[in-house]
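Chain by chain, the residues run as shown.
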Amino acid sequence: MASGSASEFDSALGGTNEFPWTNDDSNSLETTDIELLKKAWRNEKASPEILHFQSDLVQRAREQIQLLEGTMDEFEDNNTDDLLVSIYQMDLDRALFLVRSYLRIRIFKIEKFIAHISRSHLWNRLSDQERNFAKRCIDIMEKHLQQCVLSRLPNGYQSFFKQSVSSVEDDMIPEPQLDTFVFCKSKGAVGAFQLDDIGDEIVDLVADDLYVLRYKSIKALVESGQVDLV
Amino acid sequence: MAGQSDPQLSLFSCQEVEFLAEDELVQIIPNMKMEALHMICGDFGPFLPQIAVNVPLWLAVALKKRAKCVVSIPEWMSVEKLTQVLEAERESPREFQPLPFHYIEISRLIFDHARDDIPDVYMVRSLIEDIRDVRFHKVESGLETISGRTHAVKLKNLSAMEVNIVRPFVIRALQAFYKHDSPQIIPQPEASGSGSRRPQVADRGPRRDLRPR
Chain H
0 MASGSASEFD SALGGTNEFP WTNDDSNSLE TTDIELLKKA WRNEKASPEI
50 LHFQSDLVQR AREQIQLLEG TMDEFEDNNT DDLLVSIYQM DLDRALFLVR
100 SYLRIRIFKI EKFIAHISRS HLWNRLSDQE RNFAKRCIDI MEKHLQQCVL
150 SRLPNGYQSF FKQSVSSVED DMIPEPQLDT FVFCKSKGAV GAFQLDDIGD
200 EIVDLVADDL YVLRYKSIKA LVESGQVDLV
Chain P
0 MAGQSDPQLS LFSCQEVEFL AEDELVQIIP NMKMEALHMI CGDFGPFLPQ
50 IAVNVPLWLA VALKKRAKCV VSIPEWMSVE KLTQVLEAER ESPREFQPLP
100 FHYIEISRLI FDHARDDIPD VYMVRSLIED IRDVRFHKVE SGLETISGRT
150 HAVKLKNLSA MEVNIVRPFV IRALQAFYKH DSPQIIPQPE ASGSGSRRPQ
200 VADRGPRRDL RPR
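Residue numbers (numbering that gives the first Met the number 0), protein chains in the order written: chain H, 0 to 229; chain P, 0 to 212.
Worth flagging that the hints you see were computed from the coordinates, not collected in a lab.
Just a sample of chain H residues kept apart from chain P, beta carbon distances all over 10 Å, derived:
1) E73
2) E75
3) F132
4) K134
5) L144
6) Q145
7) C147
8) R151
With the C-beta cut set under 7 Å, the calculated list includes, among others, these residues of chain H facing chain P:
9) T31
10) K44
11) A45
12) Q63
13) D90
14) A94
15) F180
16) F182
17) V202
18) D208
19) L209
20) Y210
21) V211
22) L212
23) V229
Every residue, glycine too, gets a C-beta built ideally from N, C-alpha and C.
All chains should be modelled from the sequences, with the hints used to inform the complete structure.
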């Protein structure tokens, strides 16, 4: 996958980051952490590769959840109205669901692309706990495959990462498919945007319109928060 | 390569889309008194009898279930508005009318839980169903225009549930076209290659347009 054209394209996209867009306008719209978490959850769910762990956000959400759990205990002690308790309980459940689902999607991706993540820059996107999990996961996987299959194969075919010793690159590592298409919405007008490294495919991204685009071409926009996946 | 099938293509379940819709604000008219709520998802209230207040849909449904409020039907859900939308949908074969992003889910939740608050409920319901049908038909005919040269699809005003329904098909179709259209996807023999790679695909000949059905 690491073809020359692809990396060239990445660097060309990297240049777009230098345009003077800021995320300030988005902050005024999405005030609550839940909104932000929902956005992170959607992006994580819709993107083929693992995104940066939103550590501050998750931390804040956890604190709010703990706070509310504390309040719920107090409610129980002083016999608060059932209706009020059940409403807060629903609110709590919704927040918990978001956090859990967010973490689960990440774990799912880590398990699936473990070998790729542990050997690339994606490693920096994991949280400390996720790294621990990933390390143990890959150890176990390797050991298991070694014992069950690889140790019984002929010499030269025993690598966890390569098809055979003659492979130049590691060609047995599942990688996320960045060529896939995603549904996305831009928050502000991004303007004319070059989509492709081959064609002169240019799309004018208008705010709030829905597009289906190749993930690879809008990767940088997703990472910088200018485009939301839907 | 892993281009064939991806179990994760249908990303959001219907329940998850509904979950997102439940955070949309609706107006309710409470019939009881309750202090303001300071919740994780925001602050709402205070609630006073007969004073309209905006709350997330899930809260409106919860209160409605306990008969604590009347849901004010959103403006776009009136017979008049929907009739206009339906007409406009029928007139413009390639465009979608602006409706709330979660219009299907919102209307469904209101039908299920607050149907007695809707004037002309049967009319509203059938209008929304008609709009859905017309729009979906448009989506379907729009999909026929996808071709090998499609690098981007613009779907102005398509709603969340509609996206979710067509997502697996659109993504697979675009992927397949992209795959067959890009010459560099097929690995070229490397200069330093040791010949151990899978057999190379020979020249595929001139590119032909697929026969239209």
